[in-house]
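Protein chains: 2
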Amino acid sequence: MSEMTRTPIGETAKAVGQTVTISGWVQTKRDHGKITFIDLRDRTGVIQCVGYQKMGELTTESVVELTGLVKERPAKMVNEHSPLGTVEFDVQEYTILNAAKELPIQVEGDGLDINEEVRLKYRYLDLRRERMHKILKLRSDYFKSLRDVLYENEFTEVETPMLTKSTKEGSRDFIVPSRLQPGKFYALPQSPQQYKQLLMTAGVERYFQFARCIRDEDLRADRGFEFTQLDLEMSFVKREDVMSMVQSLITKSIKAVGGTLKTEEFPVYDYKDAVAKFGADKFDLRTEQEKADGVLAFAWVINFPFFKKVDTTDAAEVIDGKSGWTFTHNPFSAPIPEHEEMLLKGENVGEILTTQYDLICNGYEAGGGSIRSHRPDLLKATFKVMGYGDAEIQDSVGHMLEAFEVGTPPHGGIAFGLDRFIMMLAGETSLREVIPFPMTSSGKTAVMDAPAAISDEQMKELHLKFDGASKSPHDYILEQLQTAGASYEYIKHIPVRTSEEAEAARKGKLEEGAKALVLHADREFILFVLPGNLRADLDKLKELLGVKKLAMASKDSVLEKTGLEVGSIPPFGSSIGLKTYLDGRLGLNEQIAFNAGRLDRSVLMKYEDYIRIEKPTVLDLAS
Amino acid sequence: MSEMTRTPIGETAKAVGQTVTISGWVQTKRDHGKITFIDLRDRTGVIQCVGYQKMGELTTESVVELTGLVKERPAKMVNEHSPLGTVEFDVQEYTILNAAKELPIQVEGDGLDINEEVRLKYRYLDLRRERMHKILKLRSDYFKSLRDVLYENEFTEVETPMLTKSTKEGSRDFIVPSRLQPGKFYALPQSPQQYKQLLMTAGVERYFQFARCIRDEDLRADRGFEFTQLDLEMSFVKREDVMSMVQSLITKSIKAVGGTLKTEEFPVYDYKDAVAKFGADKFDLRTEQEKADGVLAFAWVINFPFFKKVDTTDAAEVIDGKSGWTFTHNPFSAPIPEHEEMLLKGENVGEILTTQYDLICNGYEAGGGSIRSHRPDLLKATFKVMGYGDAEIQDSVGHMLEAFEVGTPPHGGIAFGLDRFIMMLAGETSLREVIPFPMTSSGKTAVMDAPAAISDEQMKELHLKFDGASKSPHDYILEQLQTAGASYEYIKHIPVRTSEEAEAARKGKLEEGAKALVLHADREFILFVLPGNLRADLDKLKELLGVKKLAMASKDSVLEKTGLEVGSIPPFGSSIGLKTYLDGRLGLNEQIAFNAGRLDRSVLMKYEDYIRIEKPTVLDLAS
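Just so you know, the protein sequences line up as chains A and B, in that order. Position 113 (the first sequence) corresponds to 113 in my numbering; numbering is contiguous. Position 182 (the second sequence) corresponds to 182 in my numbering; numbering is contiguous.
Everything labelled a hint here was simulated from the structure, so no lab data went into it. Warning: the hint list may mix true and false statements.
Same chains, same label: a pair holds when it works inside one copy or across any pair of copies.
Below are the PhoX-like pairs computed for lysine-lysine, each with C-alpha atoms no more than 20 Å apart in a straight line [what the hints assert, rightly or not]: (1) K322 / K540; (2) K322 / K134; (3) K555 / K308; (4) K134 / K255; (5) K134 / K272; (6) K460 / K561; (7) K384 / K309; (8) K282 / K615; (9) K542 / K71; (10) K144 / K252; (11) K548 / K101; (12) K165 / K579.
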């Protein structure tokens, strides 16, 4: 099992006639009487192994170490479709390093037919497929190529903070409560825009970073909250200097990973001309043949309007654009030199053009940047146009204005969304395919069960209180069911307070009733759900939960904590800020019934839908 | 001003006799009658420039573009101490690209005598010093060297999520409220431990990442909340394989940036022996001469105890170690193979040794790693030893246990704190010197004013309420003053409700009284502080704040929002969750007096101390 003596499978063809040790995953296994055929896979290749043993306990996708002889295959047995089709491996000894139970998802094929939540829950299996392995490798290789060109051009890599201040970047910030300064918050960076400009003030001149950016945007099918951008900035440059550097960076790095470009010189379109010609500022210059061949067609768009009228349906725009005008791309951009006067005077706002340059590739926006305002009067004028008062400008960008008065060189830069780049390079159509551990479209973290409730103690330490969603638990639960597309029966009845009363009112079975108890476990509240015909065994539960103290919460504390009366508590801890634990015996019934946060309303639904939606921690209380 | 025609100063020696354009920062300027001498600096060097113009408006640290002739200096004028001491630059034309006002901090010298808060507020200036520039460059170069060796060894770089689940890593998580799932929270990663192990399940085999890690630890003078670690993991390895790979990585990368190693073979110490020999598991192997020469002396320590008795004063340990035992290094580590049985049986807990290896350098812990448990029974046993119940284990690491049942190879890895590495390489003694934008020791973000209060609307959107610090505003303010080391006078008096009453009770001057008003600005509350003898001009204030509506808050709403009665409101919005705006005229007095959150208690202190501690936004209401 030592790395030193292990032969990578990809190198077995060089070891014909030798006895070696290989290890990897059992990709396929066929039992032919006394002979077992195995395709063994590691990161370097797949080899056919022949065992004259039974190996009954060896399941597909188990990890195994094999010692044996590498042999040439007879000429007529050579598999020309496989890189290692000329050799096979005679198994002498085998050791199972990790046995695989039945897999929750298959790792063959492209996986695109699997439900997204399930694929991402088992992302560690999903990533085993050949396609995903290649994408991971391409991502790493492409990052390396970009870095190589940047180092060649004397760029310095600099990290900027993750815990920082809320900035004006056009999207909502994620915030992070400060424990040491209760009531105050850090913001996660939407981009390193301001820090990279300050690095120009610091004299770094050529900066880059592969920046982790985080924005609380409304989720779309194809977009999560996190993305990685190649962020760069240069001093003493004009628009054309940055565009030329970027063109060279892109062409070199893409060729280094074997990509094909339509042109190495990227055509430049005026925003107006692009809209006139293509009907949009994003367009696809490829022919059908080039699309089929995976060619990348880049172009620049320049001379965008600096400002636009506020979209009154967009909250962020309304906040930024108090005057009715807001920026189209970036408030830190400079106008084109000919329009500086108009900006300073706040005249003909709609006609002012920005130095923004957008990089277009295959119909997508691949990146965007600009020459920045490095004069305090220009930056101030931009915010004035948007209707900011002096104090507000000071409060928002005062530190930038100060920096522009202590020797800040002219500068400009760009940022590329690297996930999109990799997506185009890999010929994929969804960003989630190229992010190692992406979020689900509902904002759930891959593999891990986040976001999740935190303990009362953590909330106390941060001096925060949950004010209860604006929705009542009743409305929240019904919305959850509807969003998840679950069928259910909604029952109106007389107010009931016990499982027996509820059974009578709903005309259902007692054991199908999901009784939900609020318990006091050590120092926090939890929700425990069990069948209506059973009583909670608190001693056993205490042991299973690993807590020291466990008791029923009083009626008053239940009301205070959840806003609900005992009897109306639903089995959805998520609706009242509690973690849900479930007595697994409830699963003996196909459907469950429960009071839906009101004494006079019940819901009857499938048990499995309930599990899927609420995701309780299931406990074995049967034995 | 174009990058294309700009000559880097470092290359001027090759341009003798030519007329070129250079640009950079005015490092020094001396006026000798009609002649002006300038030392001009860019990232590549410093050159002496001679101007036969006055250049009166050109201040030090301004950014300027010069066009002129590069000349050889006469032999006797050559400056042997300067790389460009053989040439000088005859200025023909100059253009000021950005004029520098008087600098808030000096950029000459090492900056170590400047107050830390001030240095970090103006970090963009602080980074201009030669020492800091060299450190930034070293950091970038060293990262490159590490990557080069990792790529050579077929490691794949993979990014893991920033918004993830709270994990058991021994420190407190920073949490991030979810807007779409109110009452639930993401956690920021303390390390990518679990994801990197899952990448081994995925078959990546050799992974690395320069990981941004964030922990809510109690701040020490030398430690912030954020750090960057080189995180790596390998499959099919034993302890010795990882240690050998790491030794090779470290020696190659350090030599690549010109560092000197005491030995290329790192000595390995048993934990017991190290403690017996050095009195600690961190030790410095350098001689005095080696210390003076900046040599790096690495060593390994192995065979640590897996578990230790819980330190009852450490909250995290108490939570993790319910049984009285907790892990010494990492709960995901495997025990040494000989001790697997003991762990599985939970016997002789104190004697079980872990596969942990710590990398020691010059008396610091530079990194640590281990072979991981890849068998579910071993991981479960570890948590059982710490007193976790089945449900809790499932809840904490259920996804890891699942992954260990679908074919996870044996694996192990390591993580290095890169900030510390750079610190040792640069010969610095504080981590803050080598982090581009570090936090202050009080947890404030460099340059930006974070953490900060957020708007009531943001809080509403997240369904969060601030429960008020456990401390009363009165206690909070006094603690702030004491922490900041400010002198003040604490005055007990009869209850007062107006500035005039307070003046009489405190026997002070009316204009020194800081009157604090809670105002309703658009949809949020703010605090406005003005001299006791003046009235608030709400119209003017509205304009300066750039808000549409501005009004005094009612007594009731003040009480509800702040918990304080009108009259007792202190000029510290931070103590009551409000942003503070200040009428600059209060600064006309050297000291200020105010009610300290109680009607019967006042504080008299220096105005400048107040500004330093509360950091209000100062408004100009004088004109």
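Each hint, compared with the structure:
For a Cα distance limit of 20 Å, the shortest separation of K322 from K540 across copies, 17 Å, qualifies, whereas the shortest one inside one copy, 60 Å, does not. Taking the shortest alpha-carbon separations for K322 and K134, neither the intra-copy value of 48 Å nor the inter-copy value of 44 Å comes in at or below 20 Å. In this assembly of identical chains, the alpha carbons of K555 and K308 never lie at most 20 Å apart, being 56 Å within a copy and 41 Å across copies at closest. Taking the shortest alpha-carbon separations for K134 and K255, only the intra-copy value of 17 Å comes in at or below 20 Å, while the best inter-copy value is 33 Å.
In the homo-oligomer, the alpha carbons of K134 and K272 never lie at most 20 Å apart, since the shortest distance is 40 Å inside one protomer and 45 Å across protomers. In the homo-oligomer, the alpha carbons of K460 and K561 lie at most 20 Å apart both inside one protomer (14 Å) and across protomers (19 Å), since each shortest distance falls under that limit. In the homo-oligomer, the alpha carbons of K384 and K309 lie at most 20 Å apart inside one protomer (15 Å), although the nearest pairing across protomers, at 61 Å, exceeds that limit. Taking the shortest Cα distances, K282 and K615 never come within 20 Å of each other, neither inside one copy (41 Å) nor across copies (45 Å).
Proximity of K542 to K71 under the C-alpha cut-off of 20 Å is found in neither arrangement, the shortest distances being 59 Å within a copy and 86 Å between copies. In this homomeric assembly, K144 and K252 come within 20 Å of each other (Cα to Cα) both inside a single copy, at 12 Å, and across copies, at 19 Å. For a Cα distance limit of 20 Å, the shortest separation of K548 from K101 qualifies neither inside one copy, at 34 Å, nor across copies, at 64 Å. In this assembly of identical chains, K165 and K579 lie within 20 Å of each other by CA distance solely across copies; the values are 14 Å between and 31 Å within a copy.
Hints 2, 3, 5, 8, 9, 11 from the list above are not met by this structure, while the remaining hints are.
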